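Chains as they are written, first to last, in the numbering used here: chain A, 9 to 319; chain B, 170 to 816.
Hints are not guaranteed to be accurate.
[What the hints assert, rightly or not] Distance condition first, Cα-Cα at most 25 Å in a straight line; then the derived DSS-like pairs of lysine-lysine:
1) A:K83 with B:K614
2) A:K94 with B:K535
3) B:K539 with A:K75
4) B:K539 with A:K83
5) B:K205 with B:K222
6) A:K94 with B:K222
7) A:K83 with B:K222
8) A:K83 with B:K384
9) B:K525 with A:K75
10) A:K83 with B:K617
11) A:K83 with B:K535
12) A:K75 with B:K206
13) A:K94 with B:K205
Hints in this document: simulated from the structure, not taken from any laboratory.
Everything numeric in this text was worked out from a predicted model, so none of it was measured.
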Amino acid sequence: MKRVRSVMKLFILFVATLALTACEPLTVFDPQGPVARNLSDLIIFSIIFMAVIVVTVYILFGIIVWKYREREDNKDYEPPYEEGSKALEVTWFIIPVIIVIALTIPTVITISDVEDIPEGYEDQEPLVIHVTSADWKWIFSYPEQDIETVNYINIPANRPIHFKMTSAGTMQSFWIPSLGGQKYTMANMQTQLYLVADREGEYIGRNTNFNGEGYAHMDFEVVAESPSKFNEWVDEVKNTANELTEEKYAEILQPTVIGRETYNGTHLQWIDHAHGGSEKYIDPEAYEGHLIENKKADDDSVTDSESNEKE
Amino acid sequence: MKLDEFFVTGDPLILGSQIAIGLTMVGLVVLITYLKKWKWLWNEWFTTVDHKKIGIMYIIAGVLMFFRGGVDGLMMKAQTSRPNMEFLDAQHYDEVFTTHGVVMILFMAMPLLIGIINVVMPLQIGARDVAFPKLNALSFWTFFVGAMLFNISFVIGGSPDAGWTSYFPLAGSEFSPDVGNNYYAIALQIAGVGTLASGINFIVTILKMRAPGMKLMKMPMFSWTTLVTSVLIVAAFPIFTVALALMTLDRIFGAHFFTVAGGGDPMLWLNLFWLWGHPEVYIVVLPAFGMFSEVIATFSRKNLFGYTAMVVSIVAIAFLSMLVWVHHFYTMGNSAAVNSVFSITTMMIAIPTGVKIFNWLFTMRKGRIKFTNAMLWALAFIPNFTIGGVTGVMLAMAAADYQYHNTLFLVAHFHYTLIPGVVFAVFAGLYYWWPKMFGFKLNEKIGKWHFWLFVIGFNLTFMPMFFVGLDGMSRRMYTYSESTGWGPLLGISAVGSLVLAAGFAALVYNIYWSFRYASRDIGGDPWDARTLEWATASPVQEYNFAITPQVTDHDEFWLMKKQGRNTIKKEDVKDIHMPSNSAIPIILSVAMGIVGFFLVFEWVTLAAIFSVLIIGGLIANSFDYDDGYHIPAKKVWETEQKWRGDL
Ligand code: HEM
Ligand SMILES: [Cu+2]
Chain A
9 MKRVRSVMKL FILFVATLAL TACEPLTVFD PQGPVARNLS DLIIFSIIFM AVIVVTVYIL
69 FGIIVWKYRE REDNKDYEPP YEEGSKALEV TWFIIPVIIV IALTIPTVIT ISDVEDIPEG
129 YEDQEPLVIH VTSADWKWIF SYPEQDIETV NYINIPANRP IHFKMTSAGT MQSFWIPSLG
189 GQKYTMANMQ TQLYLVADRE GEYIGRNTNF NGEGYAHMDF EVVAESPSKF NEWVDEVKNT
249 ANELTEEKYA EILQPTVIGR ETYNGTHLQW IDHAHGGSEK YIDPEAYEGH LIENKKADDD
309 SVTDSESNEK E
Chain B
170 MKLDEFFVTG DPLILGSQIA IGLTMVGLVV LITYLKKWKW LWNEWFTTVD HKKIGIMYII
230 AGVLMFFRGG VDGLMMKAQT SRPNMEFLDA QHYDEVFTTH GVVMILFMAM PLLIGIINVV
290 MPLQIGARDV AFPKLNALSF WTFFVGAMLF NISFVIGGSP DAGWTSYFPL AGSEFSPDVG
350 NNYYAIALQI AGVGTLASGI NFIVTILKMR APGMKLMKMP MFSWTTLVTS VLIVAAFPIF
410 TVALALMTLD RIFGAHFFTV AGGGDPMLWL NLFWLWGHPE VYIVVLPAFG MFSEVIATFS
470 RKNLFGYTAM VVSIVAIAFL SMLVWVHHFY TMGNSAAVNS VFSITTMMIA IPTGVKIFNW
530 LFTMRKGRIK FTNAMLWALA FIPNFTIGGV TGVMLAMAAA DYQYHNTLFL VAHFHYTLIP
590 GVVFAVFAGL YYWWPKMFGF KLNEKIGKWH FWLFVIGFNL TFMPMFFVGL DGMSRRMYTY
650 SESTGWGPLL GISAVGSLVL AAGFAALVYN IYWSFRYASR DIGGDPWDAR TLEWATASPV
710 QEYNFAITPQ VTDHDEFWLM KKQGRNTIKK EDVKDIHMPS NSAIPIILSV AMGIVGFFLV
770 FEWVTLAAIF SVLIIGGLIA NSFDYDDGYH IPAKKVWETE QKWRGDL
């Protein structure tokens, strides 16, 4: 396992420096945490193989098409009958098999790696955040801190975060590309992700699974900050934010696009959508007709200010 | 239901199309009446059971649907060409990508391929028709009625808006109470009947009606791919039928198969959908592989390299394609073991596909490659499809997919497989077999415009999407902000789609020009081709072959020409038995369309009453004792003399 890794790393270093120095890196190739880095390494590793395949095919293609094109001087050349060639066919069967095996090994390792707390962070107690996706917003509950946010999260950097995810209705997919891969959120079920931000910074999270008119506005902000800053923020929320009431919660679950919100208390005291009961809040009539006027992508959650602080 | 809910209102774009559709319909009716063509249409086309005419009707419908789906594509590209664009609103964008996906796959790719199969396959195996000609007509008409029902949703009632995958719970009545998604359930069900029947029809035709001497391993590659695709249809479509039936029960009759409430399981839909949906993409791509095989062999003037390996590969691809459906939802929270297994099965598909690519390349080696338009499309397929293939392998790696899933990277990938794999193939097939169908060639010069504009436009449109996807843009987003930085790449992509559209326009012009001006004097075998369909006249005589050919090898026609066996003797010509036309398929299908329409609006009583029409049609069919008719030997001989000239 370790050896596979180090071979991979060597390859990757080479290509990564080539590709990433050229221009502003694409989000997926600009990981801000160990999980995303793991995935980005795997992707670059696979791209190397793919590049080799593409180049091989293109060269063969170019040579063959050029060399055997019809010309003025070969008009009466009559191509031979060719049954095929065992040796050649076995070759281009075996080589792809080897490539598939070469890709399978790191894939399988990475698949199980990203299910757990990332290497090097196992000794820390993860911060638990419940993610509840709804139409068309993200609701985050911090059970330990007993606070709830909508459309943004603050997290301590360099500490594993344990996301326990579910949905209040339609299916969504929770994705913070800078920190790691995505996973679906489904009503009556719980999925989970462990992510770590190993740098302080602000990242964008997004829903990738289409769930109706407000879908494009379902992004949220992730702020990774130092543990002390995080604790300060928690204290501030506890002192200034309104209490979350059940009526208010039902209102949040209506199909709307809203900005960022912050509350004292979490909705987990009334319902955990992972364990059923969501239908209580679902009203088909609320979904009739056009719900959303053409809306600027800019005026969604990320730039909105917190709307409900205590006076 | 009020009238203003019935018709979609309140948007100039839609009002415009409503008026345009209305005017076109009236115009068509007036024109046909003026030209006194109704009777001709009815007798020669609407009631025909001739596989060649049915094939041509499929192709016409498919090209029209390509236009419709293409306009959808352009509208989406316009809407995302700049940040915060206000061309379509969210609801319209959602409807447009949904109908685009459905139309392109089910009403463009499928009919074009089934159409070409219809025209070519029976000829290639030396048969008079398909096994069940009347069923074949029913297949066409159910497809056509299903497609039309789906298309009117745009102006009546509203289109489906939950994506071509129609995922639950979103597509259920809890979250989509409007009628739009009923169209999806009902129209696809009606069209699906036809597809399943086609599959059965083609299997029986190939197994039972090959010319004497044509062992399965002597069958031309296109017919082989047709056989394998048909088996896949029969294996996969019933799953979709069941899924759609459950969807209908959920949406119209209040069941709870896929709902959030009442113990439904939305994930069951995802599994059923992709159990059909993944094989479906191979159903469309395998016949395309077959066409490339024919075109490449003909224009390299060589037999197919590694025929046996090619056959084994398509069978392997078909088999594996039933075992990979989970790769569409690696992110559902499956265990690491499940995702690992499906990563491996998915990557394994790349192996037989790679074998095919190399066999095509080596078919051309030592050949004499002629750059006709058909061959250009087959050549362009190889480098473009390779990109689709390698990105497919990247997506197959489950862990990596956590970063690509549902992004534009995925959208770029499947367009790189479907457009080179299916659309290029259809173009190659059309240029190649056009003379067989219509008796003239498409113009090669205009064809070059078509080719270069389309291929360059295609790459300009879809290459940037890979990068936008890796930059974190998810699919199906109707808008995005300036700060995302996606604007420039999506702008290039939008420009590319205009070039692509210009390519399509060149094709349309080419058809028009060639129809008017192209030479009709091309003989039966204008390309110096290799397989039996070229042993007939162009366009093909209604009875196909005066005398059933004796087959000794694949590339039989090539041998015939070499050995001078391509002639017939008068005493061998016998009377030929032909099936009669029938009005039952079209009537039955229209009845299904009417019932379907009522079901869409949940007018269940009306639907039940009109179902009597369907049952009546079936009964009438059982009492149809028409045994067909005979073409006398003398007339056959005259026809043959006319096109062979030298007899
Ligand atoms: C003719 C040029 C085409 C253009 C400009 C085009 C463009 C697009 C665009 C912009 C999207 C939506 C991206 C998004 O927002 O998620 C899309 C989706 C799609 N396209 Fe195409 N496309 C074209 C041809 C095709 C063809 C030939 C096929 C199939 C044979 C196809 C099948 C699909 C499917 C299945 C989807 C997914 C729909 C969904 O998300 O439910 N497209 N296409
Ligand atoms: Cu698939």
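Results for each hint:
no.: 1; hint: A:K83 with B:K614; verdict: holds (21 Å)
no.: 2; hint: A:K94 with B:K535; verdict: holds (17 Å)
no.: 3; hint: B:K539 with A:K75; verdict: holds (12 Å)
no.: 4; hint: B:K539 with A:K83; verdict: holds (10 Å)
no.: 5; hint: B:K205 with B:K222; verdict: holds (20 Å)
no.: 6; hint: A:K94 with B:K222; verdict: violated (42 Å)
no.: 7; hint: A:K83 with B:K222; verdict: violated (37 Å)
no.: 8; hint: A:K83 with B:K384; verdict: violated (34 Å)
no.: 9; hint: B:K525 with A:K75; verdict: holds (21 Å)
no.: 10; hint: A:K83 with B:K617; verdict: holds (22 Å)
no.: 11; hint: A:K83 with B:K535; verdict: holds (13 Å)
no.: 12; hint: A:K75 with B:K206; verdict: violated (53 Å)
no.: 13; hint: A:K94 with B:K205; verdict: violated (62 Å)
Consistency with the previously given hints fails for numbers 6, 7, 8, 12 and 13, ordered from lowest to highest.
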